[in-house]
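Trainee: Construct all of the structure, not just a fragment, from the sequences and the given hints.
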Amino acid sequence: MSAPQKKVTIALAGNPNVGKTAVINMLAGTRLKVGNWPGVTVSKKEAQFEHKNSLINLIDLPGIYSLNNNTAEEKITLSYLTNNKPDLILNIIDSSNLERNLYLTTQLCELGIPVIIVLNMYDEAQAAGIAINTQILEHQFGVSVTYTTATKESGKQELLQTIDLVIKKKFAPKTTPFSPLLQQEIKELAKIIQPLINTPTMPVSWLSTSLIEGNQSILEQCCPTEKNKQAIITYAQQAEQKFTKTNGESPEALLAEERYTYIATTLAKSVTQKKTSRKTVTETLDKLLLNRILGLPFFFLILYIVFKITFDGSQPFTEWIDGFIAFISQQITSTLGAIGFPHWFLSLISDGFLGGVGLVLSFTPLLLFLYFFLALLEESGYMTRAAFIMDRLMSSIGLHGKAFIPLLIGFGCNVPAVYATRTLETEEERKLTTSILSFMSCGAKLPIYALFTALFFPRHQALIILGLYILGLTVAITWGLILQKTTYKKKIPLFVMEMPPYRFPSFPMLMRSISSRLTHFITEAGKTITLTMLVLWALLNLPYGVPPENTILGTTARIITPIFRPLGFGDHWENTASIIPGFLAKEVVIGSLGQLYTAEQKTQILPEPFMVELANQIKELGTACFTAIKNIITNFIPGIFIVENDFSNAPHLDAIRKAFTPLSALCFMTFNLLLVSCITVMGAIKQEFGGKHLAKVLLLTSCTAYTVTLVINILGKWKGY
Amino acid sequence: MPEENNTIPLTKLPINTKAIVVSIQNDKAIAKKLREMGIVKGITIYTSRIAPLGDPLEITILGYKLAIRKNHASGISVKPVEEEK
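Protein chains in written order, with this note's numbering: chain A, 170 to 890; chain B, 0 to 84.
Hints are computed from structural coordinates only; laboratory data are not their basis.
We treat Cβ as the ideally placed atom computed from N, Cα and C, and that holds for glycine.
There could be a bad hint or two in this list.
As the list claims (entries may be wrong) - Think about it this way: if two alpha-carbon atoms lie no more than 30 angstroms apart in a straight line, the pair counts; the simulated DSSO-like pairs of lysine-lysine are:
#1 A/K414 <-> B/K40
#2 A/K827 <-> A/K886
#3 A/K414 <-> B/K27
#4 B/K40 <-> A/K343
#5 B/K27 <-> A/K398
#6 A/K411 <-> B/K78
#7 A/K244 <-> B/K40
#8 B/K69 <-> A/K448
#9 A/K343 <-> B/K27
#10 B/K27 <-> A/K444
#11 B/K17 <-> A/K438
#12 A/K448 <-> B/K11
#13 A/K456 <-> B/K78
#14 A/K396 <-> B/K27
#15 B/K69 <-> A/K654
What the hints assert, rightly or not - Which stretches of chain B does chain A cover? Using the computed rule of at least three CB atoms under 8 angstroms from a CB of chain A, they are:
#16 8-16
#17 22-34
#18 72-79
Mentor: What follows is the structure, encoded as structure tokens:
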């Protein structure tokens, strides 16, 4: 005899850094689903649950400071609220930072949708001696107000009760009482709008106010024709000019001022703050971490620790996963082989499919470590400090201070670096940073430099390698500057960044964020990577059983090799052919060069019995843990930067020495330096930004690699090398 | 713009000296963003820190801290207030 369920949609809105995620976690628990808003790298959290007689659909909107459409986050919020019209808005607010937080509230209250103000992080406000009279707030804004400290799950019942109450009663919030001057302006514009639009779902006075605030995009939904839209925009512009001329200030500026004045008068009535002479933790920490002299050393120390633990700590586990996958692969193929499956099929399964799955899984330890540190830096509040410290340097090349960390991680591995760009504030900045990321020479490209410099520049090895890194950086900076002047012109926002107080990250929340991001990598990027791996397998192995030069790869390489002739290393098809498997992972380039030049026979090692092997694998995992700790504490230089120099037992060295000259070796290294690292990074870019951006990045990097290498070859020839 | 009494750009304001915002003369988009963050006429503002490399500034308004670059801060005109100690 259950009553018919009522569907209720509740949207969570609020500024960044106010604990919105904690509130939605508290309400939804494990039912939370994390995805992306369509087409952008802004994460979308949703949950459905039953409460009393309602089926509640919770939607977390991105953190924003205002309801204007300046950034992707604001656009999403604005269009969601106006098009989907939720039944209720939970406006999450940082209780110790009311004044600025309430600015968004004044805008939300104009939408005609019931609003509940959730005073979150209430414990911090109490500790700071802030007392809030909620009744006055409720009365002034026409909303319900409730307290929570979501990280401690406190205030959940009260919040649910308030939700019940508001769903039943549907209070309409009050709008800011603007001055007669502005009210007149809003009313006149509304009069013009009214006959030119379809029956609006939003209050016309809101449309008018929002238009004055510069949000012309709101007209797209409600204007029947382009002509009407233009008419409204033209009128609004004229009205704005007239207003500015007579009053010395734009109506938009006056709106903001009056909102803040109204908030200030409301707070004067409703909030008291005890004076505390005690210095806050944030002030003390910032005195040290942002110190003019010590700030930089601390910054580099923190980054060094993060870099070291991430790369050196994850590497033994990566190797263990590689070994484990090889073991599984061996078991499967020997079983399948015994039932009589053909040899090519076994190869497809073990080298193609399991190779791809293994590749994806082998990145999980690295990403696990990195996600942990990124979340830690982000949640603790140090990420904004890092941006504050590095912004001077980054702004000189036109980037945001926050771009420093993703680019730095790129020197270790581009894959986690792509995911690290999420720390940037807008979609455009993330795309721009990803576009130049490939030029940060990743750790896997180092073995190529190591081998070629050892063979051709034995006396200037370090110098050449350093030169390559600098070349990569120069290309990155050049492209960074060009792209901002062209593709991303006017889209790169301003550096106006809130510096939130330092906070202790909540461990369960860190874990939840890490596990959801890892799952996404495995399922989303995993699909792309495994598919690409199958294609590569076909290139390398079909027609099955023929020698390397007759495979699709060999045949294609022989056809396209002339394209690489101007680059200096196109005289031998093997060189071209080695670049393609290089997309698997750059460390493969050396191996495939060796295989292509010697066509060496793989030696088969007889496997141990299953149980013995399994026991070995488990023992290896233990060893991996031990090695991880040893790596972190014993070496000073991160392992990813250590150049392997022992090639004594490589049989193909003579062949390579004959196939290259010093100049063509340099060209080969440059070409690999500037090329996209591997298919895993492609999978990551596709997951984050979609296929279109991936195609752009591939085009950009390939053309750049070709052009720069060409220039070096021509210069080299001209100088007589 | 006529020279107003005691009005200086925010970048010239000594550290930890309180001032009142008089006007914002940045380009439209920047001015809008600054206003949304709470930098409006009549608000009390002070520079609380300069980054180790000399730019950006950390300013304090409405009880919270905001980092802005000097070239944006120079468009904000302020009037220092005498503080009673």
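Trainee: Which numbered conditions among the earlier hints are violated in the structure presented, ordered from lowest to highest?
Mentor: 10, 16, 18
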